[in-house]
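Participant: Chains as they are written, first to last, in the working numbering: chain A, 17 to 285; chain H, 77 to 369.
Simulated from the structure, these hints should not be mistaken for lab results. One thing to keep in mind: the hints can contain errors.
So the derived list for chain H, only partly shown, Cβ under 8 Å to chain A, looks like this [said to hold, decoys possible]: (1) 117; (2) 120; (3) 124; (4) 140; (5) 351.
Here the structure is a predicted model, which means the values were calculated and not measured. Backbone N, C-alpha and C fix where the C-beta goes; we use that ideal spot for every residue, glycine too.
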Amino acid sequence: MKKHNLFLTLLVIFFGILMISPVYFMVKISISQPQDIFTQHPTFLIHNTTTKWWAWIFSTKEVWAPFIKSLEVATLTALFSLAIAVPGSYAISRLPPRVRYPLVLGLFFTRMFPEVGIALPISVNFIKWGLLDSVLGLVIAHMIRILPLVTWILVGTFETVPKALEEASSIDGCSRLGTLRRIVIPLAAPGIAVGTIFAWLGSWEEFTYAVYLTLAERTLPLQVFYYINRGNWFLTATYATLTAIPVIIITYAMQKYLRAGYMAGAVKG
Amino acid sequence: MSFVSFSFFLKRISKNKFEIILILPLALFVFGFTIGPIIQAILMSFEGIFGGNFPTLASYNYIIHHHYFKAALFNTIFITGVGLSLELIFGMILALILAEKFFGRGIFRAVMLLPLGIPTIVSASNMAFIFSTQGFLNELLYRIGLIEVPIDWRVGAIKPLMTIVVADMWKVTPLVMLILLAGLESIDKQLYEAAKVDGAGRWHRFRHVTLPLLRPYITMALVIRGIDAFRIFELPLVMAGRHVPVMSSYAYFEYIERNNPYTSAAGATILLIMIIIAISVYLKAVGTEEVTG
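Required output: the full structure, derived from the provided sequences and hints.
Facilitator: Given below as structure tokens:
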């Protein structure tokens, strides 16, 4: 028994270090002097710290345009997705099972399509429609991957709202829209909140559509890509940390919702 | 006959008018911006290298003779096969650890979930720092005395692919772990007691109780992860760029760098076909009831 515990402890420490170290190195580089990084033997611990990379992106105001664009796109994507997915998934949840399951599974399988295959015609069309580099264009593109996910979460939520409550409300003379607004949506509010946050995160960290639809007005993930292509590790790490901070905070705040079913759609490698 | 069924259809519609109105925006969006573009991409792939020659296989003929495409095809299959196997093994180990009760379990779970809070593009740049020639992995190997001269992870046939596999594992093994953990928690503990009474050891209990009952969860993890592994994009693009093309980055380079949407469409279509074949073969092998039920 003793031996088994020691083995388990070692495994736990090993995997723990493995999971933390990439994030640790990212933060470390963003606050390191070049001599600690660009050397034959980079240091593991933090020695000569500097805030100059962080100060630089803020003092040159370079960070604000991408930051604001990412914020706008993520917020609008979450709101628009909600506006379409809430009514849609409510209706799906009230369909008979033999229609509902194929529909939900079908939505899930839109994820099977390669994103580069969707982003290509979208980009070709958006050039024609003048939507390249625009906030609206990117919001539409992000909804392509986020709507099925939000619908998937919301159908599950609406299924838990008992139908008897709706019937009672309609007997009391409430219209169907009124029932939806006064009874169903308040009861489904926690699930709707989870869906909204996942939608926001999914857009905030999105890269593929952004890189296909952007010429000059970069989002934060594109800023990371831009600097790594230019070989500037320090600004890459700084932007990477900045991009990751809200995602880490929200992911931990929502830990109990990190259930396999939700995450299935949310994480992509 | 057709009139009867048509009026029946109309009645159905008017009876469900409310539902149809609610569902319409969603349906229109999915058809307009997902199904539509996919069909457009497939049609574009038959338009020839310079477009406008529908139908022709010229784009396909062009890319399959492109050595870059062959490399992309091989790399994608390698990363998917090796990556999925390793992710499943490590996901299983982590899930089994978390199924135990030990001091600090809550913290360990939180640490294991950290990669889920890291955007893929960020994890790609982090891995680029680690696998650089002057990076932290080489320094670690040097300090523990395994190497004298730094290893260049970007050269060779398998080395760069393995760095991408490791990067992908870091990002998604926690997801596989969560799925398998959900499966482990659903198994009735009495089954283990019963197996113990019957004299089954640790390994036999795992092999004959845990694994069979986990099968639906393993299928779920494999299908979800398999689709994403075939479509892998950011990690190879950032970590290896043009050195290690995969199907997605091949389609990207054809369009963004070589400015040819038609060959890019052909590459994307081939990737779609690969995914469909892989899923149908797999589901045929394990049976579909595990996914739908």
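Participant: Would you mind marking each hint as holding or not holding in the structure?
Facilitator: Taking the hints in turn, this is what the structure says about them:
1. 117: 5 Å, holds
2. 120: For residue 120 (chain H), the interface hint holds, since the closest Cβ of chain A sits about 7 Å away, which is under 8 Å.
3. 124: 16 Å, violated
4. 140: This hint is violated: residue 140 (chain H) lies away from chain A, its Cβ roughly 17 Å from the closest one there, beyond 8 Å.
5. 351: 6 Å, holds
Checked against the numbered hints above, the structure violates hints 3 and 4; every other hint is satisfied.
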